[in-house]
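Asker: What follows is each chain in one-letter form.
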Amino acid sequence: MSLYALQKLIRDVNRKPACRDAFFQSAEKFSAAYDLTPDERAALTGMNVRKLYALGVHGLLLRPFTLLHEMPEPDYLKAIRGE
Amino acid sequence: MPISFACAVSHAPGMTAWANAAPQAQKDRIYGGFERLRRELDASGTQVLVLLTSEHWANFFLDHIGAFCVGRAASYRGPIEPWLQIEKTEIKGDPELAAELLETSYDEGIEPSFAYELEFDHGTMVPLHFLNPRMDRPVVPIFFNTLAVPQPTARRCLEFGRVIGKVAARSKQRIGLIATGGLSHDPGERNHGVIDTDFDQQFMSAMAGGNMDRLARYSRSELAAAGAGAFELLSWVALAGALAGRKGETIVYEAVKPWATGIGMMTFAQAAAA
Numbered sequence: 001m002s003l004y005a006l007q008k009l010i011r012d013v014n015r016k017p018a019c020r021d022a023f024f025q026s027a028e029k030f031s032a033a034y035d036l037t038p039d040e041r042a043a044l045t046g047m048n049v050r051k052l053y054a055l056g057v058h059g060l061l062l063r064p065f066t067l068l069h070e071m072p073e074p075d076y077l078k079a080i081r082g083e
Numbered sequence: 001m002p003i004s005f006a007c008a009v010s011h012a013p014g015m016t017a018w019a020n021a022a023p024q025a026q027k028d029r030i031y032g033g034f035e036r037l038r039r040e041l042d043a044s045g046t047q048v049l050v051l052l053t054s055e056h057w058a059n060f061f062l063d064h065i066g067a068f069c070v071g072r073a074a075s076y077r078g079p080i081e082p083w084l085q086i087e088k089t090e091i092k093g094d095p096e097l098a099a100e101l102l103e104t105s106y107d108e109g110i111e112p113s114f115a116y117e118l119e120f121d122h123g124t125m126v127p128l129h130f131l132n133p134r135m136d137r138p139v140v141p142i143f144f145n146t147l148a149v150p151q152p153t154a155r156r157c158l159e160f161g162r163v164i165g166k167v168a169a170r171s172k173q174r175i176g177l178i179a180t181g182g183l184s185h186d187p188g189e190r191n192h193g194v195i196d197t198d199f200d201q202q203f204m205s206a207m208a209g210g211n212m213d214r215l216a217r218y219s220r221s222e223l224a225a226a227g228a229g230a231f232e233l234l235s236w237v238a239l240a241g242a243l244a245g246r247k248g249e250t251i252v253y254e255a256v257k258p259w260a261t262g263i264g265m266m267t268f269a270q271a272a273a274a
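Protein chains in written order, with the working numbering: chain H, 1 to 83; chain A, 1 to 274.
Anything over 12 Å on all C-beta distances counts as not near chain A; from chain H, calculated:
| id | residue |
| --- | --- |
| 1 | 21 |
| 2 | 24 |
| 3 | 25 |
| 4 | 26 |
| 5 | 28 |
| 6 | 30 |
| 7 | 31 |
| 8 | 32 |
| 9 | 37 |
| 10 | 38 |
| 11 | 45 |
| 12 | 46 |
| 13 | 48 |
| 14 | 69 |
Pairs of lysine-lysine residues, derived as DSSO-like cross-links and limited to a Cα-Cα distance of at most 30 Å, are as follows:
| id | chain 1 | residue 1 | chain 2 | residue 2 |
| --- | --- | --- | --- | --- |
| 15 | H | 16 | H | 29 |
| 16 | A | 27 | H | 78 |
| 17 | A | 257 | H | 51 |
| 18 | A | 257 | H | 78 |
| 19 | H | 16 | H | 51 |
| 20 | H | 8 | A | 88 |
| 21 | A | 88 | H | 16 |
If you are wondering where the hints come from, they were derived from the structure by calculation, not from laboratory data.
Glycine included, each C-beta is placed from N, C-alpha and C at the ideal position.
The whole structure should be built from the sequences, with the hints applied where relevant.
Answerer: So, in structure tokens, the structure goes:
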């Protein structure tokens, strides 16, 4: 269920402006409401895209999430490809 | 009445959002294809559109996923993407037709979910922008789960399409069908940018020939090999079911690298009118 919580958080940030604002104010505080493993929480708060993808976050959740972080496409692709 | 119009088109957001990234010659052929389809639709006297489209996490999440969802709202809004270069607008629905689609589906042993609230993203708005630019025809959207495993099988989509065709054919309204999605692409995934032209051509050939047996045999692994976005072609398979295997015509196929998608368009206008 943990991957579910991680993806739910990302989807909430992508789709809900209030969640987005709260996340960008404090990712640590915002993520406390979601049942994440320490690994997931670290990947999220550290914006470790390679790790988030490896953990199983769906590409159509992860790419919009990285766009909110203004991550260029080549950087995103390098990250998920592990290059 | 017989189905008044039928087509299948891609809905890559680049077609409106970053149109200038594509080579001019490809754009001319693609926009020319849309223009031909728009004229066919206008000439068909179609009163309402049933739009078979893909869910992209816009409306649904893993807290509740169904294989198909029929929109029964009186109106919808879209697009949700402010960057799509399509003005946000209201699109009328057709709750009565949606109810009939649902009741007939349940009677025939297929149970789609339904929703009174749905938002439209590029998967719905791009085809409507090109084919129904005045947004004057009511739309019944049917969303396919193309994201969350397991997606519906191609065989099931074909069966669902048969029900849609049955309802459309006996309606007093002139109903047009638009299937949208695909072709090969892998958005947000490792093979983003890879276009499998062989897969695309073979799939379109099966659609053009009304080859229901072949379409029903597209497996999840076969679709996945052409990229996560290839599951959107399940809506095309449903369209083939609605048209009962009638033949179509490929009017455009372009592998557009800057849009990271195999872009296809097919018309079944002649078949629909037959």
